[in-house]
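K.L.:
Build out the structure end to end from the sequences listed, making use of the hints.
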Amino acid sequence: MLTSCSHEITNGCAPTVLQLRSRVTFTLFTVMAPFLPSFRGNIKRFLTDVQLLQYLIVLFGLFNLSLCLYEDQVGKFDWRQNYVGRIKFASFDTVSTAKKIIVATEENVVAALNLKSGQILWRRVFERGYAGRIHALSGISDGDFVTVSGGVPALVRAWDLATGHILHEWPIADQNPDRLDSPFISFSTEGLYSIERIEDVKWHIKDGTLHHILPIYNSGIEVTSYDSKTGEKLNNRFISAPFISEDTDCILAAPYLACLRGDSLAVLFMINLFDTTADVPSPVLTTINTIFGAGAEGPYKLETVLGDEPVVSISTDNGQRKRIIIAGETPVPIERDIIGNTSLYVTSLDKEKILLETTYKNGMTEVAAFELHTSTPRPQLSVALTHSSVQAPTIVASICPRQSKGVTCRHLLSCEDHVIALLQHSKLVWAREEALAKIIAVEIIELPMSEGEQAIETEFDQKESIDVDGSWDVFSMFLRRICSQVNQARALLQTALGREPPQSNQRADLVRDRFGLHKMIVVVTAAGKLFGIETRKGEIIWQLTVPNIRGLTKDSDKMLLYVQRGSRHFPHSPQCALVAADKDTNEGIVYTFNPITGQPLEGLTRLGYKIKQSMLLHAPTEEFLRSIVILDARDRVHVYPECATAVAASVGKSTYLFTADQTAGVLSGFSLAYSTPQNLIAHKVWEVVMSTKNQRITQIVSKNPIERVHSQGRVLGDRSVLYKYINPNLVAVVTQGVGSTHKNTLNLYLLDVISGAMVFSLVHKRARGPVHVVHSENWLVYSYYNEKSRRTEIATLELYEGKTQSNTTVFSSLATTKLPIVERQAFIFPLSIESIRETITEKGITSKHIMVALANGGILELPWMLVDPRRPTNPEMREEGVIPYMPEIPIHMDAIVNYNQSVAKVSGIHTSPSGLESTCLVFVYGLDLFYTRVAPSKTFDVLKEDFDYYLIIIVLAALVISSYVTKKLASQKAQKQAWK
Amino acid sequence: MTCIRELIYSLVFLLSCLIFVSADVSTANRMTIDNDEDSSSDLYVIEGKVFPWENAASSGWQLMTHVMVNGGEHYGFLREDGTFVISNVPSGSYVVEVVNPNYAYEPVRVEINSKGKFRARKVNLVQTSQVIQVPYPLKMRPFTPFRYFQLREQWRVTDFLFNPMVLMMILPLILIMILPKIMNDPETRKDMEQLNNLTIYNMPEMSEVITSFFAGGEKPKTKAVKAAKKRQ
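From first to last, the protein sequence lines stand for chains A and B. Numbering-wise (the numbering used here), the first sequence opens with residue 188 and increments by one. Numbering-wise (the numbering used here), the second sequence opens with residue 33 and increments by one.
Hints were generated in silico from the structure; no laboratory data involved. Just so you know, not all the hints are guaranteed correct.
What the hints assert, rightly or not - As a list, the in silico EDC-like pairs of lysine to aspartate or glutamate whose alpha-carbon atoms are at most 20 angstroms apart:
| hint | chain 1 | residue 1 | chain 2 | residue 2 |
| --- | --- | --- | --- | --- |
| 1 | A | Lys1131 | B | Glu185 |
| 2 | A | Lys420 | B | Asp74 |
| 3 | B | Lys81 | A | Asp347 |
Stated by the list, open to error - Okay, the calculated beta carbon distance ranges per label pair:
| hint | chain 1 | residue 1 | chain 2 | residue 2 | range |
| --- | --- | --- | --- | --- | --- |
| 4 | A | Asn994 | B | Pro177 | 52 to 58 angstroms |
| 5 | B | Met197 | A | Gln268 | 44 to 50 angstroms |
| 6 | A | Pro1077 | B | Val189 | 31 to 37 angstroms |
| 7 | B | Asp223 | A | Leu1143 | 43 to 49 angstroms |
| 8 | A | Met1073 | B | Pro122 | 32 to 38 angstroms |
| 9 | B | Pro177 | A | Leu1143 | 37 to 43 angstroms |
| 10 | A | Phe461 | B | Gly92 | 34 to 40 angstroms |
Beta carbons: idealized from backbone N, C-alpha and C, even for Gly.
P.N.:
Put into structure tokens, the structure is as follows:
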């Protein structure tokens, strides 16, 4: 959300693409004319009805406009990568012959991974959000396993291990009316207990029985058991445990439930939940002093130790050290201190129980093995590993089968940066970068020039070659030129002799290509890990972990990525900045790095204040670096880097910021006009209040700041021009109704964020989200769900200044007071939409298409012409290049750019211009990644890939030869005639 | 139509509420917290079966296919035989779609009323009130494989020859080359002369037609006419 006051708009009246098309039709006829002399009259008759003709041709062009791929182009410009997400539960398949690992992840995915390679064998994606959250994963028995997922009531699904088919599905639909009276369980729309309590519910699956364990405050624990296959309710027990309250920290170490209560004199309770011998199982108490001895200080933290035994760990002294307790009829504390940040796992070797302690220090991972009860070290099972992709791992699953040649332990590691890795014999078998399943921000950056071109660039570096008095230092220029040419000759010789050129710090293929199609995708993930992915094959070039960061706001992962300097400013290296918040203090951080090499530049800078708003300043410094202007929570303005304050102050008069407070429903605008060169001052200039009583701001969409608008108007049927209202400061604000009466309303406001003027607003009644908005040029496309007709609809708005243009060169929000003419139209969209984005090209000449990610996994390229709000409903009112209105938008399967490479759970689409005007690069992210390129007006600036060079050569050659032959023949004939 | 149906629904809802209130006041109080959509907290199960495309029954099609309700609110997964269930569905109207990357299935709208009665009908987004019932439990059959790709144009001689441009060039060529040959043949010439004698009045008209036909045309055509004239 950034704004800058004045944007230059390219002047001049170039034809729109539609005009281009009509011109093409005329040239076609001029070519045809000599061949059709006798039909000239007919043509004239045709030409009198040019309108109809153009109309037909546009229609024809539209149907012929299949933007589609040919089958042999599959995988040529596109690639897809599948991910599963961060591991929540995992278990090794020891039963079947083809060994695999079953994982359940935080992205609501259950998948089987190949043990040897880590590839996904099969993957099942559950519903988004709470509805698909996985609560439990059972161990494997008889070639199947069970998952528990969803909100309330939860769904139990049994899966076939080998094929991934579902075997059974049943909901835990038992609704105990007594529970409704418990004051701590609210009866909400989510179901029987509120969202906060879902985490308190524990699940345990063992031997085909599913236990649903619900602690009820001040009363006890309710354990309901079901047959995990059929859903049959086996029994329902209530265990009295009045010590459980909101303050108790309870964990499950099956079959025991361990609860820690109290802070200074903590007491640990353990209850055997499944002990059927005793009528009333009584909790076993252990005081904290028997575990740690005297002198331990709170707060204490209770954790389950994963693995095969009921073991819990308690940490003390601010997480400095911890000890484990083996649950049993009498809990056995082990009197050995373990370092606080060690992660623990209990595995079994034959009948022995082994405790694995994983520590990570200075890039080295150590897994130390101890006998659980006696604490005797087992050095033959301990491993150590140093690998760049394994950082702060925890063991999530482990097996140690005894084989003929000894014991081989396999540990599945889940790292802090979401990497999944398999460790075997202190060797890393494979690692998966699962952080990429949750991408927050994306930028596509041009690659730098090749070294040869860089040499040429230095040769003609203007700054050094021009003397102060303006005379050219000819001699040094000549020297430099000779030097570079000698270098070039040497490089040529080296390649000719087949010798490798000397190794450079950058890879030889990571250079800018002729059409600017090869670029670098820089992504920021929720794990705080940054990646550089090249676009040709989707290979990860570099990765960086920024420790201890989180999203800027509490409820979203939003982090911002700014390109401060592109790669066009040689010899300055490109620079990107990540703006995020510190995990502990919640104060802002800025992390700068080189997006091509992945080298940190200035590293992590802690700002010491909370970030409210930030933007990239449009004015660069002398080193072509665009600084970041940050507004902190107390409305003070800062510039990063600080040395650019003067530059920011110099453009302060035309720099504005705006902020939106979602909870208060207030939008406010700030001006930097009162800044001094030393100090930037934000002065509030306007404020718009959207009453939170009946609406809530859900989305704020501004235009892409790099967008260019090529044509300023639209030619109408009567040859007059309707000028577009191109306001770069226009922002769309979407609010959704709250409360009982306004629940299903959807409001859309178009706000000028410089002046605070409300340009347009509209209300949809009986409409609800999900709302997806695209805001570009002079139009806005948004989708919503129409509750009355129960369908997804796409509505479009188009803004026009009218038949005259207020200012032909620069648009100014402060000078323009005239409200635009708004054209609008709504269409039925037959499929559900996950995300939507417009295509963008370098100069904006190419027509715009809208990339729509569909819920069924397809990515649709929708021509804007189909959602044009000027599509006439009255067939008499037809206009040039406009198709008559039809309520339903047709979906052509050949406009699905990812063909059968479905992508799941798309969270966003990023588009970027390429060096070719016709081509736009598209990167779709979500659970899967997909990259391709699209050409909305077809590739008009390059020859088609299947251009028939042979045919044209043959035709030309034939023409030349035939002309010579006929010349000869003609002369012979003339000779004969002369002799007659 | 929809209005009437909604009216009936709301009436039914009101009635049920009234009955409820008279039965148990405390529960009714709790109901008011709830919003009107979840008036009955009963949850239902949508059932059906997905059939594979005839020739593609093997190769794990069940894994590539899943059933999606209302664009992802609920998912259903296929058993090995293609049957599926979608659990935890409150009463309401749902669009059930089969998602498969290779074959198109027609979506079905399933309506569950507050009494738990099911009705399945074809999805009609334009005329929402039109009801064409389909059998429930659902039977989803693929109607066509998706065509994502354009076919590459291949160069064929016939295509080239039947191109109107080429035809337009070849036809005059034939007229130029073959007509004089025919004229040269003595027998036909005789015939022609006879014809000329018979239809002497038609002749100039013919030539006129021909000249007007080729008016402004290329040289060879005029030449041909000339040659014909010379021979006459």
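K.L.:
Each of the hints needs a verdict: does it hold here or not?
P.N.:
Going down the list of hints, with the structure as the test:
1. For the proposed pair Lys1131/A and Glu185/B, the alpha carbon gap of about 13 angstroms is at most 20 angstroms, so the pair holds.
2. Straight-line distance between C-alpha atoms of Lys420/A and Asp74/B comes to about 18 angstroms, which keeps the hinted pair within the 20 angstroms bound.
3. Of the pairs offered as hints, the one joining Lys81/B and Asp347/A holds, with about 18 angstroms between alpha carbons and a cut-off of 20 angstroms not exceeded.
4. Under the hint 52 to 58 angstroms, the C-beta atoms of Asn994/A and Pro177/B, about 54 angstroms apart, fit the expected range.
5. A hinted range of 44 to 50 angstroms holds for the C-beta pair Met197/B and Gln268/A, which are about 48 angstroms apart.
6. Under the hint 31 to 37 angstroms, the C-beta atoms of Pro1077/A and Val189/B, about 36 angstroms apart, fit the expected range.
7. Hint check: Asp223/B to Leu1143/A, Cβ distance near 45 angstroms, so the stated range 43 to 49 angstroms holds.
8. Hint check: Met1073/A to Pro122/B, Cβ distance near 34 angstroms, so the stated range 32 to 38 angstroms holds.
9. With their beta carbons about 42 angstroms apart, Pro177/B and Leu1143/A fall inside the hinted range of 37 to 43 angstroms.
10. Hint check: Phe461/A to Gly92/B, Cβ distance near 38 angstroms, so the stated range 34 to 40 angstroms holds.
In this structure, none of the earlier numbered hints is contradicted; all agree with it.
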